[in-house]
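Here is how the chains run, residue by residue.
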Amino acid sequence: MLAYSSPEEVVFGRSKHPVKCGFNVVIGDGEVIPEVNFTLPSVKVCRDNLREIRKLFRDITTRVLMKCVELSQEQVVVELEHVFEMTQDPQFGAVVTKDIKETMAEFHEKYGLRSALRVTVADIRHRTRPPRMRNGEEVEKVFESFRMCADAGADILSIESTGGKEITDRAIVEGDVEAILFVLGVMAIKDMEFLWREIVNISERFGVVPGGDTACGFANTAMQLANMGMIPRVMAALVRLASVPRSYIAVKMGAKGPLKDCGYENPAIKMLCGVPISMEGKASACAHSSPLGNIAAATCDLWSNESVQDVKLLGGDAPEVFTEILIYDCRLMNAAAKESRAFEFRDLLVASDKYLDPQALMLDPDLMYRAAQIVENVKDPYHQVVETAKLVVDTISQETKEGRLRLTDSERRWLGKLGDTVYNIPSDWSEILEHVEKRYEGFFLMEEYGLP
Amino acid sequence: MLAYSSPEEVVFGRSKHPVKCGFNVVIGDGEVIPEVNFTLPSVKVCRDNLREIRKLFRDITTRVLMKCVELSQEQVVVELEHVFEMTQDPQFGAVVTKDIKETMAEFHEKYGLRSALRVTVADIRHRTRPPRMRNGEEVEKVFESFRMCADAGADILSIESTGGKEITDRAIVEGDVEAILFVLGVMAIKDMEFLWREIVNISERFGVVPGGDTACGFANTAMQLANMGMIPRVMAALVRLASVPRSYIAVKMGAKGPLKDCGYENPAIKMLCGVPISMEGKASACAHSSPLGNIAAATCDLWSNESVQDVKLLGGDAPEVFTEILIYDCRLMNAAAKESRAFEFRDLLVASDKYLDPQALMLDPDLMYRAAQIVENVKDPYHQVVETAKLVVDTISQETKEGRLRLTDSERRWLGKLGDTVYNIPSDWSEILEHVEKRYEGFFLMEEYGLP
Amino acid sequence: MHELHLLSQAVLEGKEDEARSLVQNLLAMNVNPSRILNEGLIKGMDMVGEKFRAGEYYLPEVLLASKVMHSAFDILKSRFVDVGIRTRGKVVMGTVKGDLHDIGKNIVIAMLEGAGFDVVDLGVDVDSRTFVENVQEIEPHVLGMSALLTTTMPYMKEVIEELEREGLRKRVKVIVGGAPVNERFAMEIGADGYAEDAGEAVQLVRKLLDVEVG
Amino acid sequence: MHELHLLSQAVLEGKEDEARSLVQNLLAMNVNPSRILNEGLIKGMDMVGEKFRAGEYYLPEVLLASKVMHSAFDILKSRFVDVGIRTRGKVVMGTVKGDLHDIGKNIVIAMLEGAGFDVVDLGVDVDSRTFVENVQEIEPHVLGMSALLTTTMPYMKEVIEELEREGLRKRVKVIVGGAPVNERFAMEIGADGYAEDAGEAVQLVRKLLDVEVG
Ligand SMILES: [Zn+2]
Ligand SMILES: [Zn+2]
Ligand SMILES: [Zn+2]
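These protein sequence lines map, in sequence, to chains F, G, P and E.
Under our numbering, the first residue of the first sequence carries the number 1, and numbering increases by one thereafter.
Under our numbering, the first residue of the second sequence carries the number 1001, and numbering increases by one thereafter.
Under our numbering, the first residue of the third sequence carries the number 2001, and numbering increases by one thereafter.
Under our numbering, the first residue of the fourth sequence carries the number 3001, and numbering increases by one thereafter.
Please keep in mind that the hints were generated in silico from the structure rather than gathered at the bench.
It cannot be assumed that every hint is accurate.
[Claimed, not checked] One-sided and incomplete, this derived list gives chain G residues near chain E with beta-carbon spacing under 8 Å:
| id | residue |
| --- | --- |
| 1 | Val-1045 |
| 2 | Lys-1110 |
| 3 | Arg-1129 |
| 4 | Asp-1169 |
| 5 | Asn-1227 |
| 6 | Met-1228 |
| 7 | Gly-1403 |
| 8 | Leu-1407 |
| 9 | Ser-1430 |
| 10 | Leu-1433 |
If you're wondering where the values come from, they're calculated on a predicted model, not measured in any experiment.
Each residue gets a CB set at the ideal place from its N, CA and C atoms; glycine is no exception.
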């Protein structure tokens, strides 16, 4: 049974199972909270300049939190997303985690500011090619990094895991939809199970919250390529919705949310099991353009800017500036909720973008709900993925036929191609495995996915 | 008679007298349109690097307009706000104007993008100290710059004029409220009359739209100082609302709107005479923080980012990034209007911030309407200013007493001081003139304001 | 000639078997191999490029056509041994150390190859030593570096400095790209060029090598 | 001593007449002028500073108190002629060429003066010649430059270069501030320090001159 009995019940700021963490933050309990993400300006990250890096992170955090105080924002989530080197050298990531957390503690003490820290470890496993996902040094580093950051003060653990990305990175640009669906329905699933079993273990051991994962490396890669005109938008839309079963695995293994911002597949998972979710839209234009700036907010519990580097703008440093923008976006949603207009407001967020782009259409709560139902009702993940893909093709076809969604001729042509593929895809994934093994030989290692 | 018979009738996107200009842009005719403002990165502006500067402006404009095309934004207003040197050397400002306009023409031709160009000339008259406002080289340059930019393709002319700022810059930091009100009610009025008579003349001669002026140099200066804790917020609020009579003069002299973004006094003027207005709020965090991010949008016709320099962010260059944010903010408001929920949405924008800060409270449409009524009913501008100031003190006192607005003790103390001043201010401004002449001796020239 | 037209069409439509057998037929008909290459295969790729720029084709179709062209060209190749075919230029590409992003780089490589350049891909997370050694060995006309992170872009400068130390800087044009990079940064670190996207990268390499546009 | 306490209080409350007559009384009572200065006037300004940092006072109150202190100090001044009063240091300040913003600069000046520094204000739109000439003439310990525009901040570098050309760079500490400026930029152009706001500017000047805090 889904956590909600209809898509009409799902709205921003409110989840069935709120998460309490950090300095008294409660996520999904009636209020949308900003999740601020920032990264360094153009500096090298290495032990040599550890002092500079630590100072930078402390400074940025201070400015972000001070902005919250200035604008009477009571709760905030801060995300530290590791760059490569911070996971590669777990001590490095941990010390930065500690610095940020200490700064948050100071603000809690001094101003009563309620804050929580999400630490997102880098999935450095795909550093080796073909990637070693279960064995070897990299995976050890990843887990060690989780442990050390949890110990150093992280409140929420996340990762943008990459199981199968070594194939989809090529399959997406080559339009090999069969391979994409195979990865999302088989390989990524197996990797998520492996990875999240351990992350949940670690979280329990250290008493922190296992947050969630995102299909960033698949769906957001596709979105970026579609933005650049490299691949059709309908294909990016398909990758988007077909990511739901994969990212759901984290929760099945014990993740509690808040799911991670760049997972646009999150609403379906919230509908499935009631975990709070983070989403990013217009305020993440600092990190990437997107054709779904408002609709992304429809059911969010945290509202994020994804990532902004610390450069100076006239009104302050960019992280402060985006904190302010997030705060006002949240204030508006929360004002609607307070006046019992949350559902009407959600509908406006949806109406704003629903037909701007097929990818935005995917974020329509009605469609998300149907994707959630597929995951609920179809037994194995591979068939969930295939059915979701069919849902995408059918929905876009329908909306196009009825004139609400406008597609170029080339998009239409591709929609036809996608339909051909998903309606003729083998029911037994082992048939695709042969194709994948041949076409992507040398790109991946079967045993690293527990494949025969 | 006011243009609207109640504050309840005034809403974003719709004005009584829409303005048509540029490539088929119609402002205030049912849709909120983004007004994108950008400035150069850290480069020197001089004849030596005219080529680089021109290329930069062309490039930024191209990227901004391309972002509109990508996100199916049909109308956009671009603002070129002169830096000092562009007015000082009118040919310089004109050539950049022409470049930008040509780029807009290309996009209109190629993509059907509807755009209009606002050129805001720098008020370089306050370069000399004491400033020569009516005589001398600077004022000639200002008018010449208007003429040349109008000729070069500007669709809308604006200025952030500074008559009296040579006094308020000191009066604000010294808390000399009497002098501030004298400037806003007498000196600034006289200067606006002088200046806008000629700007309207020029506009008519060149067939362009005389846009409007803003009290930026007074009220936004005060807001910035309040943000930094230098002056009380209640005082900044007072300067804000007391600017209405001053900025209204532009319209009285023939300006047609859209009034300029940083004039938070604009809603009252829209109420007075139905001109469309530009406003800035959360999306102008790139230029300055503000305690009124959402409420500022309640009655806007253009929605602006005020100013952003051309630096690189991960998601693109900052002007593109803020164009995207503006577009989505506008889409949301326009979605509300389309679903006949504009008024409800406006109320949420108001509810979001109304009690966040006394300055936000000033933007409440009800209060703005009462300020507009004062301007309508009180004969001379000086008394309009005084009555508006009383309205501010009374309203804040009332809202504080009833517990909706919370003020610190120091703010309360200052509110008392302000009340003492405005309720005991001489009814005849010539009495204040003596005080001003003495205290600000050497700061200003009486004859430059037509003062005896 | 009808067969040549059919060949370009086969490339355009990504039909490998058809393209290969058309090449064989044309050779059997004693058509000049240069003509088969230029009026058949390259003509086809030009049509693909046009469609891509017009938004009618996407990358998968470009890559497929490119694959068909190469496959068909394999049959022709031996006929050119005597005359020797000049490639348009050699390029070495990699994503810099600490950075694991490779899609952007791969697209640039694919586009360059489609445009007739020889490209050697050093992969991701490439350190300066590796860049320098490959420049030394391969002697490319152009070295391309990609970075997707603010924290890895400074590494581009190190590579350029290393090239200078090794006296190789003047022998190769260096170009850079990636989300946090812009022209200003490229000039600051002493690169020869910056490209906003893959299409621009191809133009840039052409310009730097003064190769005429196909 | 009760009268000294009343004097600090008069400064704190911005009562000029009261402060002046208290100073006169104290002198008549033969209280040591240094004591009047330190335990009366400066003590009062310290209390003002505290209230400002705590958000209880605003700039108008600080400026008023500062005015009262100076006015009362005028009466004391002659008594110090023999011993000579050491100012905490000399500062020259200006907004750079092309930039007409002066409020930020003025606030910094007011705060510096309040903290006991001698400040010469060169105004706005100041060219490098003027900065250099004033450094030469006035021989300040610190030169402060302000810029509010991205397009005027590069001018700060020119001033520093001009100081170097004239051999003056080492004789003066250079500090910079303003909306588009940050620490990184300050270091890049070779300034000695950057301050985020007026309060920081005072701390910075103190640090650079190694003056003990109040
Ligand atoms: Zn991501
Ligand atoms: Zn992220
Ligand atoms: Zn302004």
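A quick look at each hint next to the structure:
1. Val-1045: 5 Å, holds
2. Lys-1110: 30 Å, violated
3. Arg-1129: 7 Å, holds
4. Asp-1169: This hint holds: Asp-1169(G) lies near chain E, its Cβ roughly 5 Å from the closest one there, short of 8 Å.
5. Asn-1227: 10 Å, violated
6. Met-1228: 6 Å, holds
7. Gly-1403: 21 Å, violated
8. Leu-1407: Leu-1407(G) check fails; min Cβ-Cβ to chain E is 12 Å, beyond 8 Å.
9. Ser-1430: 25 Å, violated
10. Leu-1433: 21 Å, violated
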